[in-house]
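Chemist: All chains, full assembly: derive it from the sequences and hints.
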Amino acid sequence: MFRFILKKLLYLVPTMIGITLVAFGFIRLLPGDPVLLMAGERGVSPERYAQIAAQLGYDKPVWQQYVHYLGNLLQGDLGNSLVTKKPVLDEFLALFPATVELALVAIIIATVIGVPVGVVAAIKRGSWFDQISMTGALVGFSMPIFWWGLLLIILFSGVLGWTPVSGRISLMYFFPQVTGFMLIDSLLSGDEGAFASAVSHLILPSVVLATIPLAVIARQTRSAMLEVMGEDYVRTARAKGLSPRRVIAVHALRNAMIPVITTIGLQVGVLMAGAILTETIFSWPGIGKWMIDSISRRDYPVVQSGLLLIAAIVMIVNLIVDLTYGLINPRIRHK
Amino acid sequence: MSFFSTRMLAASAFALMAAAPLHAKTFVYCSEGSPEGFDAAPYTSGTTFDASGHAVYNRLVQFKPGTTEIEPALAESWDVSEDGLEYTFHLRQGVKFHSNDKFTPSRDFSADDVIFTFERQASADHPWHEYIPGVTYEYYSSMEMDKLIKSIEKVDDHTVKFTLNQPEAPFLANVAMPFVSIVSKEYADALEAAGTREDLNNAPIGTGPFRFVAYQKDAVIRYQKNADYWGEAPKIDDLVFAITPDASVRLQKLKAGECHLMPYPAPADLEDIRADPNLKLDEQPGLNVGYLAYNTTVAPFDNPQVRKALNMAMDKQALIDAVYQGNAEIAKNPIPPTMWSYNDAVEDDKFDPEAAKAMLEEAGVSDLSMEIWAMPVQRPYMPNARRAAELIQSDFAKIGVKVEIVSYEWGEYLKKSMEEGRKGAVILGWTGDNGDPDNFLTVLLSCAAAAPGGANRAFWCNEEFSDLLAKAKAASDHDERVKLYEEAQVIFKEQAPWATLAHSTQYVPMAKNVTGFVQSPLGDYAFDTVDLAE
Amino acid sequence: MTDTTVKISDAAIRRRMLREFWFYFSQNRGAVIGLVVFVLLVLTAIFASLIAPHDPTQQYRDALLVPPIWQDGGRAGFLLGTDAVGRDMLSRLIHGAQYSLFIGIVVVAIALTGGIIIGLVAGFFGGWVDTVIMRVMDVVLAFPSLLLALVLVAVLGPGLTNAMIAIAIVYQPHFARLTRAAVMGEKAREYVTAAKVAGAGNLRLMFKTILPNCLAPLIVQATLSFSSAVLDSAALGFLGMGAQPPASEWGTMLAEAREFILRAWWVVTFPGLAILVSVLAINLMGDGLRDALDPKLKRS
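Protein chains in written order, with the working numbering: chain A, 682 to 1016; chain B, 204 to 737; chain C, 407 to 706.
Bear in mind the hints are in silico, worked out from the structure with no lab data behind them. Among the hints, erroneous ones may be present.
Stated by the list, open to error - One side only, chain A facing chain C, incomplete, derived with CB under 8 Å: (1) 831; (2) 839; (3) 988; (4) 990.
What the hints assert, rightly or not - Okay, derived cross-link-like pairs now, DSS-like style, lysine-lysine, Cα gap no bigger than 25 Å in a straight line: (5) B/618 / B/228; (6) B/686 / B/715; (7) B/619 / A/741; (8) B/267 / B/438; (9) A/741 / B/618; (10) B/696 / B/601.
Claimed, not checked - Restraint ranges, calculated between C-beta atoms of paired labels, are given here: (11) B/248 / C/485: 54 to 62 Å; (12) A/734 / B/680: 39 to 47 Å; (13) A/859 / B/289: 49 to 57 Å.
Just so you know, even glycine gets a beta-carbon here, dropped at the ideal spot from N, CA and C.
Modeler: Written out as structure tokens, the structure is:
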């Protein structure tokens, strides 16, 4: 097992190097110039420009900049934002919990609803439940979530006034950020309404973000179940006279879960992409919005290191999924 | 790692706040964006200045609320020498800096703080010049303070003397601007000793009406009233900035009572705001101008008659209705009507496509096709450049001028629009920094600004016009300056390097019970005077 | 001579396959509905200028933000109302269909061609060529697709063409991986060995012998990518990085409409609905295709 993990990790190294190249290379290709953006409508004199460029190291050849960047990276220095002048890592760590909280809640919603729906739909194949839920899943899968978010805002915040419009918690509550997760911190604060407030702020964005993963998980669960139910051993179990419920619970479900877990794990990338849109619509202070803003401000260090961090996270999660898969299904390990 | 230190700071700040009385008056401002930092000097955006310069800090002098007039602030008074080269500021005594859990000032504000504030920006050798990697002082250099100030001397603890290289009338207005907010030298020394220099930017200590409490990135900034404020104490106890970048979301929050006041409403929402019985709308002409700059060095736009003809073909009222939703006034001068020396006697080019067509023919121009550049971003002076360009396109089509609309990424746009020999006319604008006409005219239209690095996007160099500006800048007599600027505006209109489009109105929607908010013509949002009626 | 006999039987097989395919496809009600909607969409796009009551860029300056006809203040000329500069919503939506279909087709074409070539090369040659190519694909796949597309568009400059290229680049590894896997599977089969023995060249082997036998998964992936392309390009448009105004691309229309969310629901609702309906139709079709092409799912 250990060797298996090690092998997988080593496998990531060239990909990581490739990612730094892509992140760094693309950013240098970006048209537009951060120095000019900072100067805005006013403009900046050529001498001053040269001075700033030199200060930021942009006057050196690109490969030198890359080597310098890699060197810093190995020392854990991801550079400083051009806009805020603060270390990129600090900014990332300050915003990351918000995105993780949103994504975790979304994936929990998607799993808790998606798996049972898929199982029931498979068992009652062809029933009205199957048809309605699978049509619903396909609609969810086809949803432009940025529009979906706007609709929900119009309805629940605008017309009904049930949910707050944006933010993570009512401003009434002010307590220390221990974990960075508002749900946990609000509980720790001991303030009664705080948790409810955090939940009410989280509900719309997480529902929007959960929409596509929910649809994917429900569909995947259903087809995995159908496949397993058609396998010989399930048929045998059924033939042996085991109760259908037991057959499903013990045999079918467990085996069907293998591809479903993989699917859930693979939603991380989807969630990150979705977070960009969701955070933009709900003004959610997370890394998706941070990346968008940084791209438009040509904040090179933030974009390149942000890309790197996000890709690293996606890869690590995929690795964990791989390993879990290996654990559940030992056949894979020996391949 | 400073990540943890800010966390801890927030935690202890919480302890402080919990001790505050239960009936604290909390004022929530739905701000439009995150501040870049809390040290006002290295940054250039109004958002940052609202969160740092105006809330936490003071300057030597300040703009009287609601005007661009200068009044005393940390300097109680000042003398200007006969030749206009020496400014001596007499500092206010007994002014206390804020304290936080790591720092308690041992002395009052003094001349050392003033000198520290200016010198760390002025001199590259100063130990605090680049106290965070990559820090630069853009405002200081773009306002040419580095070229203007020859020396700063401490006469005594409460007197500072500035010596200038040349007489410059707008100098006082410059030192009222947020980038020279006075920071505490004692605090800087303490940070230096603790090895946490970046906290100058993360946990600001100032003399202003509010004390910084905590910042949660991209979400919330919290302040508390400065009980020892030297001026009139703020009427609210806690000030909260709820960062909400989207205009329609801001309005939603305002309506839901989640905040009390917001900046920059979407023009489309104004009607709705006026109709809401729980809200009120404060409006004031903005200190800005949106314009279309021709390239006056390229034929046929080097001919003032051609430029004038095009200006006459433009239906500006339609533009104001569609682009600004009617919330702007037609611009005829390059400076806005709220600015002193605005020449109301100047007459705008009349909208008359027929005459325009005839004028073009007279100038020997036919089959003209041109580019119009539409900026890719929204600005208060131009909410939707693309839409404006489309309107101008259809107006010009009526006099037989073909228009192609082009756009670039914002940074590219700024760069390419200043490239020599640029094809096409550029939509752009300006918002005043300090209320001085020089800040519009010299920056945007002087010969000097037509050089690389300038902002004269018409490349218009009129000696007579530029001379008038130079004279006005050196003159100390206010009435004389007014006259010179008025004359300059006449020349501008005759020569028509731009089509002046609009001065947009600034709107501030707020809850009905908000009192005492004074709109700043400079677009600042300061809350030392606001109150909430019961 | 053998050639001709082979050809005839080929055609016969193909016809029978097609019949079988249609049989399974038409059993799926959703797929047929999807197909009908899709065909309507294609027709709308083709005949947009005939169907649309107005020019989509014509600004009626006396008719700004007119609500749909059934609502108070609606006007007869504007069935679904007008936008902020007085353009007819219906006409813009109709013309928007052109963008979406065009984007889908171009993206899939680029991604499919690129992916197939890369996948064939990797799968066929194996060894270090395969390793390098697949590592590069891994790098591309490590980034969330929308984020990478955003950065790519920022590099290339915002606009429809660049958005399409960016999305195609981001999608292409999926095709490459599928092709490669299929090629690896097919390579060892007897018919390939037979062709090799018969002296077929590499190119012929790759394109004529192996490729046709791995088409099924590619077709399914292509439909999936088609709908994702419509969604992603709308998302880019929404973020201001896709088609630029005044283009009546649906995502771009949504972006422009966002400021009117409280005041004029129709400018927000309709473009999104149009995106949803067309993506849904394509996905329904994709489901039908998969069921009809994938024998394993078909049986269960």
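Chemist: Tell me, which hint numbers fail for this structure?
Modeler: 4, 5, 6, 11
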